[in-house]
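There are 2 protein chains.
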Amino acid sequence: MKQAIGFIDSGVGGLTVVREVLKQLPHEQVYYLGDTARCPYGPRDKEEVAKFTWEMTNFLVDRGIKMLVIACNTATAAALYDIREKLDIPVIGVIQPGSRAALKATRNNKIGVLGTLGTVESMAYPTALKGLNRRVEVDSLACPKFVSVVESGEYKSAIAKKVVAESLLPLKSTKIDTVILGCTHYPLLKPIIENFMGDGVAVINSGEETASEVSALLDYHNLLDATDEEIEHRFFTTGSTQIFKDIAKDWLNMPDMTVEHIKLGK
Amino acid sequence: MKQAIGFIDSGVGGLTVVREVLKQLPHEQVYYLGDTARCPYGPRDKEEVAKFTWEMTNFLVDRGIKMLVIACNTATAAALYDIREKLDIPVIGVIQPGSRAALKATRNNKIGVLGTLGTVESMAYPTALKGLNRRVEVDSLACPKFVSVVESGEYKSAIAKKVVAESLLPLKSTKIDTVILGCTHYPLLKPIIENFMGDGVAVINSGEETASEVSALLDYHNLLDATDEEIEHRFFTTGSTQIFKDIAKDWLNMPDMTVEHIKLGK
Numbered sequence: 000m001k002q003a004i005g006f007i008d009s010g011v012g013g014l015t016v017v018r019e020v021l022k023q024l025p026h027e028q029v030y031y032l033g034d035t036a037r038c039p040y041g042p043r044d045k046e047e048v049a050k051f052t053w054e055m056t057n058f059l060v061d062r063g064i065k066m067l068v069i070a071c072n073t074a075t076a077a078a079l080y081d082i083r084e085k086l087d088i089p090v091i092g093v094i095q096p097g098s099r100a101a102l103k104a105t106r107n108n109k110i111g112v113l114g115t116l117g118t119v120e121s122m123a124y125p126t127a128l129k130g131l132n133r134r135v136e137v138d139s140l141a142c143p144k145f146v147s148v149v150e151s152g153e154y155k156s157a158i159a160k161k162v163v164a165e166s167l168l169p170l171k172s173t174k175i176d177t178v179i180l181g182c183t184h185y186p187l188l189k190p191i192i193e194n195f196m197g198d199g200v201a202v203i204n205s206g207e208e209t210a211s212e213v214s215a216l217l218d219y220h221n222l223l224d225a226t227d228e229e230i231e232h233r234f235f236t237t238g239s240t241q242i243f244k245d246i247a248k249d250w251l252n253m254p255d256m257t258v259e260h261i262k263l264g265k
Numbered sequence: 000m001k002q003a004i005g006f007i008d009s010g011v012g013g014l015t016v017v018r019e020v021l022k023q024l025p026h027e028q029v030y031y032l033g034d035t036a037r038c039p040y041g042p043r044d045k046e047e048v049a050k051f052t053w054e055m056t057n058f059l060v061d062r063g064i065k066m067l068v069i070a071c072n073t074a075t076a077a078a079l080y081d082i083r084e085k086l087d088i089p090v091i092g093v094i095q096p097g098s099r100a101a102l103k104a105t106r107n108n109k110i111g112v113l114g115t116l117g118t119v120e121s122m123a124y125p126t127a128l129k130g131l132n133r134r135v136e137v138d139s140l141a142c143p144k145f146v147s148v149v150e151s152g153e154y155k156s157a158i159a160k161k162v163v164a165e166s167l168l169p170l171k172s173t174k175i176d177t178v179i180l181g182c183t184h185y186p187l188l189k190p191i192i193e194n195f196m197g198d199g200v201a202v203i204n205s206g207e208e209t210a211s212e213v214s215a216l217l218d219y220h221n222l223l224d225a226t227d228e229e230i231e232h233r234f235f236t237t238g239s240t241q242i243f244k245d246i247a248k249d250w251l252n253m254p255d256m257t258v259e260h261i262k263l264g265k
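One line per chain: the protein sequences are A and B, in this order.
Last residue of the first sequence: 265 (numbering that gives the first Met the number 0), numbering continuous.
Last residue of the second sequence: 265 (numbering that gives the first Met the number 0), numbering continuous.
One or more hints might be untrue.
In this list, chains with the same sequence are indistinguishable; a pair is considered to hold if it fits within one copy or across any two.
What the hints assert, rightly or not - Below, a list of computed lysine to aspartate or glutamate pairs in the EDC-like style, where the Cα atoms sit at most 16 Å apart: (1) K248 with E259; (2) K265 with D198; (3) K103 with E19; (4) K129 with D224; (5) K155 with D249; (6) K129 with D227; (7) K22 with D224; (8) K155 with E231; (9) K129 with E228; (10) K103 with E54; (11) K174 with D138; (12) K244 with D255.
Simulated from the structure, these hints should not be mistaken for lab results.
Since the structure is predicted, the reported quantities are computational estimates derived from the model, not experimental observations.
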């Protein structure tokens, strides 16, 4: 059987990355774990997020994945370099690809970053962006309400519009021409965010660039697999399988998917 | 001093990749070697191209590069996997990034590939494309006259228009919606090729995607460098420094560049 690419996230947000990977690599097999029971990760301290991220990692590594994508910005900020150092499979996060995509899009080198409190406090985006181009200016904004709007399935509702408008108001007075959706949940709100920010601002979903990086690293490590062996994607959640399934079916267009409930930690 | 990223090509074509890399990574230092005296590589047999590619590689490795980009499709097809296996720095080619960019652009999964005879005969593009998505259909076309048009500096002339129109005529009767410029010289002809192919066809320069892969791999190997140490790009050619400089200055917008003449082989 095929070896899967593993994806971990605090909930359903990482599915936005899975969607892009399956678009670019339609013959790859995916194992996905969303730690919905302990979502959101954003307000937790770094040590706790790192511990949870290791628990998710070990769960998928035990199931024989060939590569790991930390499809959660908060978890990437807390644990990417530690996990990469300790595993012998390729490990990537979403912050570097998101930064790269934003630098390709910006024309005035003024970039906004929306993220959870954990991601914003970690300074991971400003660090990554300036590690690529020192001249860039970064405005970060924590949007603590976005994740629960998405996880509750309300991401197309009037509530979502109100929360987005209230949260993003401070960005309206800046000169940024590019906004990074620095949380993998936020692409589900992308139409509303784009509408609020207006035509002059590019809204960056790191999913596409992350998918390109997955493809590049699988190639670099001779791990690409386009054989016609049977594919069996697997989806695990620590929370409600029904809510997970409703969002995942819609987002990935997989009407027949099954979702398995699992437990992590003590 | 900064450690450079090395680029090798049969001539000036690889400068199209350098331009994209410096756009995305403006603080990185570049060493570039164009084997203009033995250009074109396209009609040579694979063993000879591999030998020349190794000579270029060793020249730059001796000068302490931290990563190697084989910015030439013919050389990538002939030697990438051998060089990657034997060097202890990251080594990438341009065929995989070009394939990835084309698959992102196509809507009907019908892709055309323009390349040298060596690249077309190697089947490297169809192999790379189908290694990502088995369902893609590939039409390859050798364009043996393009490289000399570019190396002679005639890439904006009426001659260029005539050569492009005559060479690409067979593609007009296919259903491809995407064309890969499968030779790093061809982006200098891109405006003419786009004009000839018309609005319905996306023309892919692998440079941008290659630059993203350079960035991803430098990050993955902790080799990114955005420090403000002095940058000294170096350009080497085995042929005429004047012709090289005229094209490079124009393409890279570096009025003050110097080009060093060197010898390779016996």
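*If any of the earlier hints don't hold here, list their numbers in rising order.*
Hints 2, 8 and 10 contradicted; others consistent.
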